[in-house]
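Residue numbers (my numbering), protein chains in the order written: chain A, 1 to 144; chain B, 1 to 501; chain C, 1 to 410; chain D, 1 to 362.
Among the clues, some could well be false.
Unchecked claim - Facing chain C, according to a computed beta carbon distance under 7 angstroms, are these residues of chain A, among others:
no., residue
1, GLY73
2, LYS77
3, ILE81
4, TYR93
Unchecked claim - Straight-line alpha carbon distances no greater than 25 angstroms define the calculated SDA-like cross-link-like pairs of lysine to any residue that follow:
no., chain 1, residue 1, chain 2, residue 2
5, C, LYS164, A, GLU63
6, A, LYS36, B, ARG149
7, D, LYS270, B, GLU32
8, D, LYS247, B, ASN152
9, D, LYS248, B, ARG149
10, C, LYS376, A, LYS36
11, C, LYS167, C, ASP130
12, C, LYS24, A, GLU63
No wet-lab data here; the hints were simulated from the structure.
Quick reminder that beta carbons are idealized off the backbone N, C-alpha and C, glycines included.
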Amino acid sequence: MKRVYVNEKWCLGCHLCEYYCAFASTNETDMAKALKDKKINPRIRIESNEGINFAVSCRHCEEPLCVKGCITGALSKNDGIITIDRNRCISCYTCILCCPYGAVSPSEDGAVQKCELCIKTNVGTPQCVKGCPNGAIVYEERGE
Amino acid sequence: MAINYVYPEYEIVRNYDRCINCRVCERQCANEAHKYLSDYNKMTSDDSKCVNCHRCVALCPTRALKIVKSNHTFRENANWNGKSINEIYKQAESGGVLLSSMGNPENYPVYFDKILLNASQVTNPSIDPLREPMETRVFLGAKPDRIERDENGRLKNNMPPQLKLSMPVMFSAMSYGSISYNAHESLARAAAEMGILYNTGEGGLHEDFYKYGQNTIVQVASGRFGVHKKYLDSGAAIEIKMGQGAKPGIGGHLPGTKVGEDISKTRMIPEGTDAISPAPHHDIYSIEDLRQLVYSLKEATAYKKPIIVKIAAVHNVAAIASGIARSGADIIAIDGFRGGTGAAPTRIRDHVGLPIELALASVDKRLRDEGIRNNVSIVVAGSIRSSADIVKAVALGADCVYIGTAALLALGCHLCRSCQTGKCNWGIATQRADLVKRLNPDIGYKRLVNLLTAWKHEIKEMMGGMGINSIESLKGNRLMLRGVGLNEKELEILGIKHAGE
Amino acid sequence: MKYVIIGNSTAAIGAVEAIRKNDKEGKIVILSKENHHVYSRPLISYLLLGKTTEEKMKYRKDSFYTENKCELKLNKTAERIDVENKQVILDDGSYESYDKLLIATGSSPFVPPIRGLDKVKNKYTFTTLDDAKALESVLNENSRVLIVGAGLIGLKCAEGISKKKVKITCVDLSSRVLSSILDDESSEIVKKHLENNNISFYLEHQITELDEDIAVLDDNTKIPFDVLVLAVGVRPNVSLIKDIGGKTNRGIIIDERCRTSIPDIYAAGDCCESIDISSEEAKVMALLPNAYMQGECAGMNMSGVDFVFDKAIPMNAIGFFGLHIITAGTYSGDVYFESDGKNYKKLFYSNNKLNGFILVGNVEKAGIYTSLIREKTPLDTLDFELICKIPGLMAFSKETRAEKLGGVRK
Amino acid sequence: MREGMFRNPSGCAISGIFSRSGKRFSGKCIIDSIATMRDRSNGLGGGFAAYGIYPEYKEYYAFHIFYDSKSAKKDCEKFLEEHFDIINLSKIPTQKVPEITDEPLIWRYFVAPLPTKLADSQMDEREFVVKCVFRINTAIDGAYVFSSGKNMGVFKAVGFPEDVGRFYRLEEYEGYCFTAHGRYPTNTPGWWGGAHPFALLDYSVVHNGEISSYDANRRAIEMYGYKCTLQTDTEVITYIIDYLHRKKGLKLEEICLVIAAPFWTTIENKPEEERQELEYLRSAFASQLITGPFSIIVGFEGGMMALNDRLKLRSMVVAEKDDMFYVASEEAAIRIIQNDLDKVWSPKGGEGVIVTLEKGRI
């Protein structure tokens, strides 16, 4: 299935993916309106260190430990995409304890958040990919 | 601290209603023109550091930025314009030669823009490239002066070595050093995909790119950087660089700061040392010396590769070309005074040389008058900006064109003309690893392929309009051209009629 | 093929989902002594707290049993197993025959023998939905609640009922709260935080005698109360296996395929004990993620697919009044430590491996540490100094990252 | 305005008749043939080339010359005497035809180069003759050699071709091959020299079309000593054929592959040896490729060739009856003189059809 792949060779550490991610989740149409004076809390995160940069977001694992560990059943995997039912999540953070990529993070509103490939947003396709100026994040079929 | 006489040329205009402090402008500006003030939670800019390369403008996700020319002026003076005054301030400050990059930006006539193309009406049909074959393939190289037959009367293949191109365009010489590894990879891969050639320039050839040899022209310049047997063998053709349109009569200078490990290996010079190409080849002080170099290179490569001699368009270019056509060279490359460069003394760039249109017309005519046009192919360079320029150049008599600046633009260059600083924000004219990676060859080569594909379509459309279905029939076909607003002399040199004639 | 599962909680669900991956047709019967659709036990405290509802507590949606073709039998307690005839005998005398049997009976709260306990009218345990409901029903404003046990269950209960403006006192024999998962300093941070939320503690004390509404401690302190909650721990329900001579210890002993010592009988979840790979010791690890993964493992093997689960480690993600705690593994070996009084981080490592960690406060990316333990990642293959400070993929090698993020096969 | 002072695009009719056996026949039928295509001409030019018509002088070059004036005739004959041995000279017999006006002086000379002059020139005989023809046509004002081959002649004028034929009394000539041209120029030239066929030595060309490669071809061919004084396609095509055939030694079949070369896509699918040969011809003689519409009939000593441009943008039909071979812009122009044909077909673009005398030459 189509997945998001990251190639750090081309990551410039510009953090645009984070802003496009945050923008997408607001479902606004204008980024300035959506993010002006806001501290963003994106589902994709850049790790930077001594000239190396790369973005990390949910890998949508074959054997998702977060889903198996979830105590409420809020996390589930459908059609290869791991999504969270925010209204069932009670922020116990068992998923944060389990995720080997650190791709699940707390959010303001009492539920955890993670990359859901933008399927719940108005745009519907991964915006971090669209926002990457250098092809460091791609969304493609590689035939597992 | 001394007074700074030079006022910033550009102003960075930020729309604070749209700025979301994402700081991408700050992170992407190698000149550090942008800064985040954490205690004010606000971005700020320093106009004096801006070179107007548009990197920040292009990446700003909310379109909050624009760069405008400062309207700060000196008192009106038709003679002493702001540019002249500022240059004097700079030199009075530095005591140094003014340096600039890319091609001559001054307001000299652009003859391509004063030439119009013909199209068929009634008496013969225009040809629709979507329905009929339309051929743009060209072969570069000397043509045989006589045919030979074997005992059964079959034609012998006595054709001298040729370059086969899918369209009359090649990427002109840009050295690894003056441009980045990723820029070179983009050019090489695009050339391979399009069935054309790119040119190593004088910086040698990185081992990773030997595999593109069939699409590579290896250059031999006065510095002889990176020239060795394997290098000569690896290319499809060899170019002797005698001159460059942007700086006729001047050598090259790659500052040591750009000579990192890879470059030093490729150029075969110590890391960190300046790479200086002498103004002349010190083994070529005359035409017969050139002939010797041509033939020694042919000997070295078993007469299997065409030899290109590249010269800058200067006043007696026709005579020089005619000499070269008799020197054993297979191809002559002529570089007009608008040709680009990684760095040149401003005065040379802006005041020396000839427009390529005139140089081409006079060379083509001279070689025909002397009956030696078939000894060589002619490649022209020095600001080919569009497919129309190509069609006009071919109709004036060129076999092919070199594009440099146009290719760099496709890769993202914004002609800020600051290559000499080595801080190219687009990852092209730089060797700083963090900047080089900004040019992803997967993206870069595709953009080049797109550009050439588009141009090829346009060339076919224009040819079809003229009722020509093969590029050979366009070459030197000056009846397809008419001048507008040109005087008798210019028309005579271009060998074309005025519009309406 | 007929599968019988005794128990209707996490392990059972893991087993069903695994079985249905391999066997779409086989009959599955689930026996539950409770009377509920499968729910998440850890949520009972959140229910009292009002953070969830009975509806939302359902661990799987209502259609789960029908979609997975399971026959759910509620209010049925398994009395014993007839190994010869491969039958489970139920308390109503009926029986359920099986080809493959899964014991997922979980655990039961341990009720300590305290003098005078029988005099106490309002006494409760806190592990099931019914417990929670019963407890809630007797609570009213300014009722005084005495909780015996300052472990996970006791404190979760305390948080759960805190909303009801009740007065909560907590007694524990241990000198620390959450003694099973925290060390002294971290435990102190948590205790302070709980006290700031009006929970008072009597640590290093035990109740010597109880009366109807008063508890006497070993130092003769008298604590009056209206409601008593017993949360001193749980015991795995092992009897079904023990009675038929199956190997048990504190819990049912299973191998890495979740097989008991008796053919065609498997066990999973809180009722069994398995190897903690962070200490190489057999332990009862009554944790929901382990329960699910053991159930899954059992289900795979029951439905004929060889499957191994050998990555069990103790681990906990828990929070009280907004303070988050994540811990995993065993606390032995050299120590990396950092704390700013509010956030607390301690890593334990030896022999080139991470053994365990304690995080209080900032718990972001804790899973990266967990994976180091679970995968026994050799620490010399990564930038350990960096990963101690900042959990992240940066500390791994370029190649590993290319594999993890870039989908590059090794 | 004279031909040569401007480009003059034309539509045209062409026709050709050839007897493989060499049996000579009257010029009447070629007049009948071209006359049927009257509406493809507009009365501003017509002409014929006839082969095998001077058997008694077949060893001598037959110069047909237009003179504007007596003085031009004097200068030209002076030049001829200096370079040639003139065996015979006479006015070309004509008859008054009302449609044909403003006739110049039209003279015919049978000549052989003076051995001494030829030796001094260090050229082969034919090259010497060509150079002399160019000299006359460019240097002697008012004199124009419009036919210069052996045992052949060109007859042309301003007017409809059938009138031109009657004017020259063509029915009185007998030859083994005739070609004809009726012209439809978009301008109005008053000069007879501009009419077609265009000829050099025994090569004559009649052409229908307007080639888009003209200036590319012209500037290329002028490198080799040719002067395109008329600026007509026919002129440049004739020079190209002369250059490739006489100077470069290409066979006529090969010449077709150069001037109407197959497309690269076609070439790529040929067997290796053929592919190489085709690629060689195309790249070695790239500037001789002719694009744009044309159909031509090339006459030469002992043969005739018909060829269409590579896209066949002009009509052309060929036919056979016994030893006779016919070419014309329209089938009707063949049927009018021979309705009972063995074979009629329309050659593909770039497919040259070449016929020669069975005996090679007369």
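Hints, one by one, checked against the model:
| no. | hint | verdict |
| --- | --- | --- |
| 1 | GLY73 | 5 angstroms, holds |
| 2 | LYS77 | 11 angstroms, violated |
| 3 | ILE81 | 16 angstroms, violated |
| 4 | TYR93 | 4 angstroms, holds |
| 5 | LYS164/C <-> GLU63/A | 41 angstroms, violated |
| 6 | LYS36/A <-> ARG149/B | 80 angstroms, violated |
| 7 | LYS270/D <-> GLU32/B | 61 angstroms, violated |
| 8 | LYS247/D <-> ASN152/B | 20 angstroms, holds |
| 9 | LYS248/D <-> ARG149/B | 12 angstroms, holds |
| 10 | LYS376/C <-> LYS36/A | 44 angstroms, violated |
| 11 | LYS167/C <-> ASP130/C | 22 angstroms, holds |
| 12 | LYS24/C <-> GLU63/A | 20 angstroms, holds |
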